[in-house]
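Produce the complete structure using the sequences and hints provided.
Keeping their order, the protein sequence lines are chains H and L.
Just so you know, we're using my numbering here: the first sequence kicks off at 11 and counts up by one.
Just so you know, we're using my numbering here: the second sequence kicks off at 23 and counts up by one.
No lab work stands behind these hints: they were computed from the structure.
Accuracy of the hints is not assured; some may be wrong.
[Claimed, not checked] With a Cα cut of at most 20 Å, we get these calculated DMTMM-like pairs of lysine to aspartate or glutamate: (1) L:K117 x H:D108; (2) H:K51 x L:D122; (3) H:K51 x L:E67; (4) L:K24 x H:E69; (5) L:K117 x H:E69; (6) L:K117 x H:E62.
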Amino acid sequence: GAVVSQHPSWVICKSGTSVKIECRSLDFQATTMFWYRQFPKQSLMLMATSNEGSKATYEQGVEKDKFLINHASLTLSTLTVTSAHPEDSSFYICSARDRGLNSPLHFGNGTRLTVT
Amino acid sequence: QKEVEQNSGPLSVPEGAIASLNCTYSDRGSQSFFWYRQYSGKSPELIMSIYSNGDKEDGRFTAQLNKASQYVSLLIRDSQPSDSATYLCAVTPGKSTFGDGTTLTVKP
Numbered sequence: 011g012a013v014v015s016q017h018p019s020w021v022i023c024k025s026g027t028s029v030k031i032e033c034r035s036l037d038f039q040a041t042t043m044f045w046y047r048q049f050p051k052q053s054l055m056l057m058a059t060s061n062e063g064s065k066a067t068y069e070q071g072v073e074k075d076k077f078l079i080n081h082a083s084l085t086l087s088t089l090t091v092t093s094a095h096p097e098d099s100s101f102y103i104c105s106a107r108d109r110g111l112n113s114p115l116h117f118g119n120g121t122r123l124t125v126t
Numbered sequence: 023q024k025e026v027e028q029n030s031g032p033l034s035v036p037e038g039a040i041a042s043l044n045c046t047y048s049d050r051g052s053q054s055f056f057w058y059r060q061y062s063g064k065s066p067e068l069i070m071s072i073y074s075n076g077d078k079e080d081g082r083f084t085a086q087l088n089k090a091s092q093y094v095s096l097l098i099r100d101s102q103p104s105d106s107a108t109y110l111c112a113v114t115p116g117k118s119t120f121g122d123g124t125t126l127t128v129k130p
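Here's what the structure looks like:
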């Protein structure tokens, strides 16, 4: 149980275009999902907390207009990288808890974004 | 103050040895404690959960929790090269953030 599915697993896009990444909880409902970014050999950085039916909460320094998050249902959150630039190339990972605040995080397999 | 602090790595052990990874946490009210493993280029995966003082064993892995001292550790017995990864600890309730973790290398 507690499977988080993330798509696509990798994507290459041209500079200036937008890319959408989907994160789905397959066997549980997630009122909250988390989006992380990780550059090579660096630690996971929390970008934002996605809340079902309301606005996402962004961490300091993360541009909310650039990284659009939509959590339209209890099983789906999307991250759209708008007007992507090469410096946005990174590994994006989503996660969710399956049983409330004290349950562990379950991670998607991540999306490797390359902006050319 | 950071939510969790892990012993600085990298940690290198020979194959077959015991690897010991430590984590201290700042919030005395923390209730749940988790260890994740992240292979290079992959997303983290949950490997151990512990909720009460003492030891919890799962195969070659043992998680130890000491709430009085606010630390949680992970012991890996009979370490294998496939255990080479970065290990992250996390507590709840919390900010769902992670530190640098401890990178373990098991040498054949």
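Evaluation of the provided hints:
no., hint, in the structure
1, L:K117 x H:D108, "holds, 16 Å"
2, H:K51 x L:D122, "holds, 10 Å"
3, H:K51 x L:E67, "holds, 17 Å"
4, L:K24 x H:E69, "holds, 15 Å"
5, L:K117 x H:E69, "holds, 11 Å"
6, L:K117 x H:E62, "holds, 18 Å"
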